[in-house]
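**Student:** What follows is the residue order along each chain.
There are 2 protein chains.
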Amino acid sequence: MCQLLGMNCNVPTDICFSFSGFQARGGGTDVHSDGWGIAFFEGKGTRLFLDPQPSATSPVAELVRHYPIRSKNVIAHIRKATQGAVGLENTHPFMRELWGRYWIFAHNGNLLDFAPPLDGSFIPVGLTDSERAFCWLLQELRHRFGGQAPERTDLFDALHQLTLEVTQHGEFNFLLSNGDCLFAHASTKLSHIVRQAPFARAHLKDQDVTVDFSDVTSPNDRVAVIATLPLTDNETWTDMPPGTLWWFEEGAAVKTLPTRPGPIKKPA
Amino acid sequence: MCQLLGMNCNVPTDICFSFSGFQARGGGTDVHSDGWGIAFFEGKGTRLFLDPQPSATSPVAELVRHYPIRSKNVIAHIRKATQGAVGLENTHPFMRELWGRYWIFAHNGNLLDFAPPLDGSFIPVGLTDSERAFCWLLQELRHRFGGQAPERTDLFDALHQLTLEVTQHGEFNFLLSNGDCLFAHASTKLSHIVRQAPFARAHLKDQDVTVDFSDVTSPNDRVAVIATLPLTDNETWTDMPPGTLWWFEEGAAVKTLPTRPGPIKKPA
Chain A
1 MCQLLGMNCN VPTDICFSFS GFQARGGGTD VHSDGWGIAF FEGKGTRLFL DPQPSATSPV
61 AELVRHYPIR SKNVIAHIRK ATQGAVGLEN THPFMRELWG RYWIFAHNGN LLDFAPPLDG
121 SFIPVGLTDS ERAFCWLLQE LRHRFGGQAP ERTDLFDALH QLTLEVTQHG EFNFLLSNGD
181 CLFAHASTKL SHIVRQAPFA RAHLKDQDVT VDFSDVTSPN DRVAVIATLP LTDNETWTDM
241 PPGTLWWFEE GAAVKTLPTR PGPIKKPA
Chain B
1 MCQLLGMNCN VPTDICFSFS GFQARGGGTD VHSDGWGIAF FEGKGTRLFL DPQPSATSPV
61 AELVRHYPIR SKNVIAHIRK ATQGAVGLEN THPFMRELWG RYWIFAHNGN LLDFAPPLDG
121 SFIPVGLTDS ERAFCWLLQE LRHRFGGQAP ERTDLFDALH QLTLEVTQHG EFNFLLSNGD
181 CLFAHASTKL SHIVRQAPFA RAHLKDQDVT VDFSDVTSPN DRVAVIATLP LTDNETWTDM
241 PPGTLWWFEE GAAVKTLPTR PGPIKKPA
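Protein chains in written order, with the numbering used here: chain A, 1 to 268; chain B, 1 to 268.
If you're looking for bench data, these hints aren't it; they were derived computationally from the structure. One should not assume that every hint holds.
Remember, identical chains collapse to one label, so a pair may be satisfied in a single copy or spanning two.
To be verified - In the DMTMM-like style, the derived pairs of lysine to aspartate or glutamate whose C-alpha atoms are separated by at most 25 Å in a straight line are:
hint: 1; residue 1: 255; residue 2: 165
hint: 2; residue 1: 44; residue 2: 113
hint: 3; residue 1: 255; residue 2: 221
hint: 4; residue 1: 80; residue 2: 62
Model, not experiment: these values are computed from the prediction.
Construct the complete structure from the given sequences, taking the supplied hints into account.
**Tutor:** This is the structure we're talking about:
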């Protein structure tokens with residue numbers, strides 16, 4: 001399996017601290033050594049860094065850890081290959097353009113017998129179930145809403161319906177962003193934390209690194225960090241119940257919808 | 001205006017030497033300081049590094065200069081903004097997916113009154129004439145050939161017809177690649193060199209750096225380098241006549257077609 005890391009903020013924020021801990025899991029403190037990638041939105045533009053090498057030893061990961069790129073939406077992924085060989089074309093996150101915006105997608109899980117018809121508008125370049133699911137999601141969104149981006153509420157509802165279909169095929173934890181919102185699906189395992197004033201100190205689980213967020217933030221900053229497993233050992237992370245789709249915007253959870261039968265906890 | 005750099009090879013080759021000279025022109029030895037970018041194909045995958053900072057001082061450019069990424073097709077661009085503000089979304093090269101392959105495009109020039117109808121299949125994210133032209137090219141290619149990639153000869157002929165239309169709107173020097181071939185349009189200014197055995201020493205124009213290619217190559221290697229202006233001062237570069245579209249593959253010019261009236265020189 002793989003690990004996911006996402007960040008959604010109300011002001012452009014760098015992810016150097018969280019990425020330090022996450023990077024270590026790619027062949028250092030954990031086994032996800034089949035490549036890694038990270039995408040940063042800066043306005044409507046995106047920077048996508050991909051490396052089929054383990055993140056723990058990747059020169060590109062070193063750059064990302066030390067070069068503070070300020071972004072309101074970030075998605076990162078470290079890979080333990082299940083479907084598709086180790087190679088750049090199978091490395092997450094994936095990027096496509098829809099409605100004049102870039103969309104970024106990363107997946108943790110494994111989909112079985114998921115081979116929906118693709119009409120040619122978005123075709124996978126690699127061989128992963130993940131990229132296939134991403135292409136299908138975008139195809140279906142365009143099919144529903146045509147050439148014009150919908151209101152965000154309608155977008156979230158459509159994404160919810162589509163997620164219900166894909167999730168029948170297996171584990172489908174994912175992060176998806178168009179630079180405005182970050183959508184997160186907890187299929188089996190995902191947790192998050194919202195940091196806001198009063199800011200405190202945080203200590204990484206995977207490296208002996210501490211940051212005092214009160215030194216590097218303004219009082220109105222708000223940052224949601226979403227990860228497969230909590231990245232710090234002295235903060236309270238919220239488990240996202242299996243079978244929940246989340247919409248984050250401006251550093252906060254806006255809405256949650258269930259994706260499997262049964263009672264769903266409300267966002268903290 | 002901007003500057004273009006492309007490389008097309010018969011074996012995966014790193015571009016560190018050429019990029020060193022090119023990088024210096026982005027705010028160092030020349031004025032193209034409104035951002036830069038470079039895309040590497042590795043098989044069907046691509047790595048795209050973009051930075052709205054001048055390349056001469058960009059930490060990402062430093063990484064690219066020192067991290068030998070081996071690729072058969074590379075496209076780089078340093079920007080002097082004409083249309084579209086300085087910003088990540090207006091930074092070349094641009095990337096889209098068509099027929100399950102990534103396509104990379106960079107442009108040097110300025111197009112006036114080029115506002116063709118776009119059907120929604122590829123929409124610019126930024127505000128440059130360049131990205132608009134790229135989206136239109138891909139839209140028209142898909143329109144002609146449907147869901148299936150054509151034979152390369154048919155692709156080149158279609159690209160030629162489309163280039164004839166765009167070039168009526170102004171300067172349209174461009175590099176375009178899908179990872180198999182590299183297409184280069186000399187609208188006003190472009191030159192190239194093909195390096196093959198016997199390999200010799202080359203010295204950069206923009207930095208005092210020399211490489212002896214015989215030390216770093218095998219006898220069957222062949223590398224075509226295409227640039228707005230020659231990058232070395234002790235080799236013979238071939239000017240590509242204004243009004244010629246070139247198809248490079250496996251490190252050699254395969255075919256050339258005229259894009260303006262008048263006699264066209266044959267590839268060297």
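**Student:** Indicate, hint by hint, whether the structure satisfies it.
**Tutor:** Going down the list of hints, with the structure as the test:
{"no.": "1", "hint": "255 to 165", "in the structure": "within (20 Å within a copy, 48 Å between copies)"}
{"no.": "2", "hint": "44 to 113", "in the structure": "between (35 Å within a copy, 24 Å between copies)"}
{"no.": "3", "hint": "255 to 221", "in the structure": "within (20 Å within a copy, 57 Å between copies)"}
{"no.": "4", "hint": "80 to 62", "in the structure": "within (20 Å within a copy, 29 Å between copies)"}
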